[in-house]
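> Protein chains in written order, with the numbering used here: chain A, 1 to 388; chain P, 1 to 378.
Worth flagging that the hints you see were computed from the coordinates, not collected in a lab.
Even for Gly, the Cβ is constructed at its ideal location relative to N, Cα and C.
Mixed in with the good hints, there may be bad ones.
What the hints assert, rightly or not - With a straight-line cut-off of 25 Å between C-alpha atoms, the simulated DMTMM-like cross-links for lysine to aspartate or glutamate are: (1) P:Lys94 with A:Glu356; (2) P:Lys172 with P:Asp344; (3) A:Lys48 with A:Asp80; (4) A:Lys13 with P:Glu287; (5) P:Lys48 with A:Glu71; (6) A:Lys107 with A:Asp80; (7) A:Lys145 with P:Glu143; (8) P:Lys164 with A:Asp57; (9) A:Lys118 with P:Asp343; (10) P:Lys164 with P:Glu76.
Stated by the list, open to error - Covered stretches of chain A (in silico footprint by chain P; criterion: 3 or more residues with CB under 8 Å from a CB of chain P, positions within the stretch not fixed): (11) 58-69; (12) 81-88; (13) 164-171; (14) 299-310.
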Amino acid sequence: MPVFKLCLKIFIKKLPIIMIYVSLFLVISLLIAGATKTDREKGFVQTKTNIAIINYDQSPLVTGLINGLKEIAHIVPLEDEPSTLQDALYYRKVTYILRIPEDFTEKFLAGDEVWIEKTGIPNSIDAIYVDLQVNQYLRIAGLYKSQSHIDSAMIAQHIQKDMENETKVNFSGGEEVQQDQSYAMFYYNYLAYSLFSVLILGISTIILVFKNQDLRRRNACSPISAGSSNFQFILANGVYAVICWAIMVGFCILFDYKNSNTPNTLLFLLNSFVFTLCAVSISFLVGNLVKNQDGISALTNVIALGPSFISGVFVPQEFIGENVLKIASFTPTYWYVKANNTIANLNSFDMDSLRETMGYTGVVLGFAIAFLALALVVGKKKQLSQEA
Amino acid sequence: MFIHIFKYRFKSLIRNKSMIFWTMVFPLLLATFFSLAFSGLNEHEQFKTINIGIIDDANYQSDIAFQELIQSLSQEEEPMFAAFLMHENEAKEKLVSNRIDGFINVGSPMILTVHQRGFNQSVIKLFLDQYSQTYSAIINIIEGDMTLVHGLVTSLEEGTVYTKEFQLSKAKPDNTLMYFYALIAMSCLYGSFFGLREVIDIQADQSPHAARVNLSPVHKLKAFIYSGASSVLIHTTELMVLLAYLHFGLGIDFGHQYGFVVFTTFLGSVVGITMGALVGVVVKGGEGIKYAICIGVSMLGSFLGGMMYGDMKYIIDQHVPIVGRLNPINVLADAFYALYYYDDYERYSMNVMNLIIFILIFSIITYRIIRREKYASI
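The whole structure should be built from the sequences, with the hints applied where relevant.
Rendered as structure tokens:
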């Protein structure tokens, strides 16, 4: 099988570049895996936001306020240095900074106008959340203040008691997902960029080599039938695609082996395989369109990176604007990512629950067929014009 | 002589399509992708009215205080809650379909039913907690002294606000900007492709073109500086196009010191080009390896400077600030950040000094290696 062998030789020559993509991908996946530790507590838990408190007043009233805030926030210790605070706020290490002045309690009890300075992200939900608690505490303190003979410690004591009144929360949420599929979801979504790049790079390079007119003529007069030559060519590309796919998904199962023994994994595999087919047909098209190697690396970045950005590979779909998602829905990546996101949240595997994912995977398959047809048409046209 | 070399160098450089793609078209595309992907990110953080259901039963009908509270809340301009009266079955259905975040069974204690955990649900709970806490406080106080009740009601109605907004900076802490700043920095460092090209075309052992140039009766350093000038011009122009596109096309905020922004970008371009030149003279090996090193340095630098993952820059700044200082992309991105977000120039000037040091180191080493290089045979 000389054609098959030739293709493999070209792939091996491309190996260093492909290895860069693969290893970059693995490193990033590992980093993210470390960052995504989801809490797995059951039932309702009060959400906590990160805040910083710069406190210059050590009275019992203020201590009580800070304890009250601990119910709804994690308090991050920060130095009172403008640049430290600014940076922390910018990078959302804290979402709210409170500055309690030295004479706060004194003035508060005396009935003078007094404020706690707050710095937050304007109009953000975090800021409103903390605001609610701060003002509530001080309003109740204000009520107690109207009693005669009361000092800051007593007020704090009273409020602490009042705060024990808690609302009962019923949590009607469905059963928790048994396995944590968030790592797998991220990993498979990210394949839309890495696997796609690797496939375009390899396959279109080969097509480019075979497109060379002299080479084509030389091949045409060899004692191998066109059918056999084409078959070997397709086989080589298929083998390449399957090997790339197997290596990449293999690492996911290796890294995430604890959660891999589930039906979800099978669905992920199926979905990513269909996406691989789609990437192969797009690579065929690219190979037929570009003129030289420079063009391939440029197009790889545009075709693999662009849809990844707008389809939710890097930034989750729920954070992306509606109109952008509408544009994205014209790319197979969007449907692939959507299928992955659905698979990650699947608990039951009867026909009804699978219908949605299968629908999305089906759309990807449709794209694969459409691009393949397009690639064949373009390829044939170019070939004819070359021979003419 | 300057005009001649400059002009032909310029022509030959702008015909190098692949270089123009990577240094101009690619950053423009990436900027567009960024802006599309981040389109909903800031909005996501913004507070939106929370929809709650209230079970319309005898308990609710008899709790007049709570009714009034709910009504007063819904009447504000940007209400915190939109409350709907409904029956329990309807509420359960709406809860599952996410049309309300929770529903309330009025009573003592109040019962909140939610379907998932989250901020909105926590806000509702906090709100209900506060209602019962205030109630408990009032009971507590009037138990001691009945006469205080009137004062309490007025003070509650006042709804005193004890917090006051205090901004640390005039600029909004919009953390998606960092990605764009890092992107500009990366494009600056892509100038290294130009610098590399310059060296390859002037060092006689690296290309036939350079061998020919070395034969001509032009002082080598002059030829290098003249052709380098056209690289700087092209690259700076490309970066200006990028800046204009970011600012006018995508609405990226750079603060108000446009002069400084342009100056920083120019410095960045020179850092990139001199870095490329340095790689060209120091690294032995083929063109491929030199380009790979330039790309590798830019990519690693962009990653550490927060272009792929925004928090990376903060992590580096907090734990290993020296790595940040040594990374040109981080320094450039930080300069833009300082211009946008800081009201003084201390941090900005430190970054500019840092950039100038880069330029000096890169150019001095390059100069020491390429000057007076003679070839007995190539």
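> Taking the hints in turn, state whether each one holds.
These are the hints, each one checked on the structure:
For the given pair, Lys94 of chain P sits about 22 Å from Glu356 of chain A by alpha-carbon distance, which is consistent with the 25 Å threshold. For a cut-off of 25 Å, the pair hint linking Lys172 of chain P to Asp344 of chain P stands: about 16 Å separates their Cα positions. Restraint check for Lys48 of chain A and Asp80 of chain A: satisfied, since their Cα atoms lie roughly 22 Å apart, inside the 25 Å limit. Under the criterion of a C-alpha separation no larger than 25 Å, the hint pairing Lys13 of chain A with Glu287 of chain P is consistent with the structure, at around 17 Å.
A distance of roughly 23 Å separates the Cα atoms of Lys48 of chain P and Glu71 of chain A; the hinted pair therefore holds under the 25 Å criterion. For the hint linking Lys107 of chain A to Asp80 of chain A, the alpha-carbon distance of about 23 Å falls within 25 Å, and the restraint holds. A threshold of 25 Å between alpha carbons decides the hint, and for Lys145 of chain A with Glu143 of chain P the separation of about 15 Å falls inside it, so the pair holds. Among the hinted pairs, Lys164 of chain P with Asp57 of chain A is consistent with the structure: their alpha-carbon atoms are about 17 Å apart, no more than 25 Å.
The straight-line distance between the Cα atoms of Lys118 of chain A and Asp343 of chain P is roughly 19 Å, inside the 25 Å bound, and the hint therefore holds. At most 25 Å may separate the alpha-carbon atoms for a hinted pair to count; Lys164 of chain P and Glu76 of chain P meet this at roughly 19 Å. Using a Cβ-Cβ cut-off of 8 Å, 0 residues of the stretch 58-69 of chain A lie near chain P, which falls short of the minimum of three, so the contact claim is violated. Only residues whose C-beta sits within less than 8 Å of a C-beta in chain P count toward coverage, and the stretch 81-88 of chain A has 5 of them, enough to reach three; the restraint holds.
Only residues whose C-beta sits within less than 8 Å of a C-beta in chain P count toward coverage, and the stretch 164-171 of chain A has 7 of them, enough to reach three; the restraint holds. Look at the stretch 299-310 of chain A against chain P: 6 of its residues bring a Cβ nearer than 8 Å to a Cβ of that chain, three or more, so the hint holds.
Hint check: a violation occurs at hint 11 only; the rest are consistent with the structure.
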